[in-house]
Amino acid sequence: MGKYLYEVLRFVLRRLAWAVPTLFLVTFLVYVALRIGTNPVESYKRINPRATPAKIQQYIEVNGLDPNYVRGYFRWLVNFVTLDWPRSIKGSREVWPQLKDALANTLRLGAAASTVGIFFGLMLGIYAALRPGGRRDVGVNTAAFVGISIPPYVSAILLQLVFAVYWSRWFGSTLFPTSGVYPPGHTGFNGWLMAKHMVLPVTVVAIQIIAVYARYMRSSLLDVLSSEYMRTARSKGISERRVLFKHGLRNALIPVVTIAALDVGSIVGGLIITENIFSYPGMGKYFLSSFGEGDFPLLMPWMVIIVASVLLFNLLADVSYAWLDPRIRLE
Amino acid sequence: MTTPVLQIRDLKVTFSTPLGPLVAVRGIDLDVHPGEMTAVVGESGSGKSVSFLAAMGLLPRTATVEGSVMLDGHQLVGASPKLLRSIRGRLLSMIFQDPLSALNPVHRIGAQISEMLRAHSSMSERAARIRAVELLEIVGIPQPGDRALQYPHEFSGGMRQRVVIAMAIANSPKVLIADEPTTALDVTVQAQILEVIQRVQAQFGTAVVLITHDLGVVARVCERVNVMYAGRVVERADIGTIFDEPTHPYTRGLLASLPQAGVERLVPIAGFPPNMLNPPTGCAFRTRCEHAAEACGQRLPELEPLGNSMTACIRAKELVGR
Chain A
1 MGKYLYEVLR FVLRRLAWAV PTLFLVTFLV YVALRIGTNP VESYKRINPR
51 ATPAKIQQYI EVNGLDPNYV RGYFRWLVNF VTLDWPRSIK GSREVWPQLK
101 DALANTLRLG AAASTVGIFF GLMLGIYAAL RPGGRRDVGV NTAAFVGISI
151 PPYVSAILLQ LVFAVYWSRW FGSTLFPTSG VYPPGHTGFN GWLMAKHMVL
201 PVTVVAIQII AVYARYMRSS LLDVLSSEYM RTARSKGISE RRVLFKHGLR
251 NALIPVVTIA ALDVGSIVGG LIITENIFSY PGMGKYFLSS FGEGDFPLLM
301 PWMVIIVASV LLFNLLADVS YAWLDPRIRL E
Chain B
332 MTTPVLQIRD LKVTFSTPLG PLVAVRGIDL DVHPGEMTAV VGESGSGKSV
382 SFLAAMGLLP RTATVEGSVM LDGHQLVGAS PKLLRSIRGR LLSMIFQDPL
432 SALNPVHRIG AQISEMLRAH SSMSERAARI RAVELLEIVG IPQPGDRALQ
482 YPHEFSGGMR QRVVIAMAIA NSPKVLIADE PTTALDVTVQ AQILEVIQRV
532 QAQFGTAVVL ITHDLGVVAR VCERVNVMYA GRVVERADIG TIFDEPTHPY
582 TRGLLASLPQ AGVERLVPIA GFPPNMLNPP TGCAFRTRCE HAAEACGQRL
632 PELEPLGNSM TACIRAKELV GR
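Chain order of the listed sequences is A and B. Each residue of the first sequence is one higher than the one before, starting from 1 at the first, in this note's numbering. Each residue of the second sequence is one higher than the one before, starting from 332 at the first, in this note's numbering.
Check each hint, because a few of them may be wrong.
What the hints assert, rightly or not - If you anchor each label on the Cβ, the simulated ranges turn out as follows:
1. 349/B with 319/A: 40 to 46 Å
2. 223/A with 530/B: 50 to 56 Å
3. 626/B with 134/A: 46 to 52 Å
4. 8/A with 412/B: 36 to 42 Å
5. 142/A with 403/B: 18 to 24 Å
Claimed, not checked - A partial selection of chain B residues facing chain A, derived with a Cβ cut-off under 7 Å:
6. 434
7. 437
8. 478
9. 589
In short, the hints are calculated from the structure, not lab data. Quick caveat, the model's predicted, so the values are computed rather than measured. Backbone N, C-alpha and C fix where the C-beta goes; we use that ideal spot for every residue, glycine too.
The following block holds chain A by itself, in its conformation from the complex:
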């Protein structure tokens, strides 16, 4: 066992070592793409029409907007790594406090929706797979199909209508708030209020996740249930429950866990549509508003976080795959 842990550790370290050059390469590409796509200097001039040439020159300096992309990228990199981050072009605000809040909000939303979604998705998938072709299988399949087919902007608006508009018409007050993390003007931390604000966006995201994972788990488990080793397990005279949990689920979860790790990684980028409908100040909303203004100082750190989280969750997917399936060797 100790040998195995050592193996895992070595694999993780080697992959992290590889992640560093990857991070450099991808952020360089992102840097180039943003410079071509948003033209940061022009955006700065548009937002700050009365900026003096000296101010503009300073902006170019601190953001590494040298005409030579390679030289400029390294200039930006030095400032980024030494935590000497340039301020936003609009209002000259510090970037980290905003980014940190957006990240925390999205992680909270994503974690809640993923936990609820994956849990219920897996349960429904198992429930359906145990009676393939039966009534409950057809029911789950149909529900999952409907769930996947309803885009989040439709389900979000339906939920807002029912729980805010009609609810207040029927009962005099809204059940769940429809926007933000707190009511306007609220300061300080309040877990109960926060949870109430998260119910609708979490539901919208979870519906999609439940639908996807129910189908995924169902087909994965069906594959496993028809395999020979399940018959061997049954021929041992152990209980059906043990056959299912010890022999079936462990195998069925291998592909699902791998996909889940990748999926959760992609949520860090924010749930752009859902966050916008619910005015939820997360990474998706952060990206849309800063991209709309061509705010280069806000965009670059966002990009770095996204790239890093994708790399990290890929690593997590590989490790969990090898951990669940002894046939996979880490090397």
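Guided by the hints, dock chain B onto chain A, whose structure is given.
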């Protein structure tokens, strides 16, 4: 003669399919005596595996089983899941055809064997592990202590089949059903596996039912042979009788299609097995039988004694000596 440890009477297995009921086993009688090695021979689809999966209670829900299967005083047809569970792996166990997929890829070999032990006794985890290593040694796996900690993918096909055998005999069952145990293996490994089965049979006094389509395998190890065709037993005899004086035309056909020294060409049986969704009336083999007469289509022939065998062919008597 001893009382049979496994007694099958008029066993019928029907699958409900979208195309209608498929009768895979159409009333078979079969006795297995303690410590004996019995062969069940037939082509794919003749119902040989299905009969014994039915006895184990391992058929899918679409199957209906009728008749009687008595094992050591227990009626298995229609038995409660609880009773079946307590019998499976303890009194009756099974070796499957493909050792590559019969073992769970994510559990260690030793754990898979000790699970079998602990399912039917109050053995401690530790004692079960130790017994599992002993069992691996019995079936001829070198360094069993280290091998018990490995996963199935670290074993070759032949070694995996030894593991499956070790698992099947863990609780010294009364009857061991070996469903084509050598079909998926190399010829050189086949002989070793048969030898292992023979050895554990001798050591544990287990009765073995060897399901196979390979008469060569049967000739090597079995005492009694049941030949199955289209869900019926068509001939039953001692191994010597089957090879020297076969009575049923199908058995003769099988023997003629075996490679033999000095015979240049093999003679295959013409045609294909019948479609079991719509089997022919009377004798199912008559569509492929060169001796078929009009009377063959009249009624389903029953096993009747003829010389040293039991045979289900109405023309067998006149065909003897031809």
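Numbers of the earlier hints that this structure fails to satisfy, in rising order = Violated: hints 2, 5, 8 and 9.
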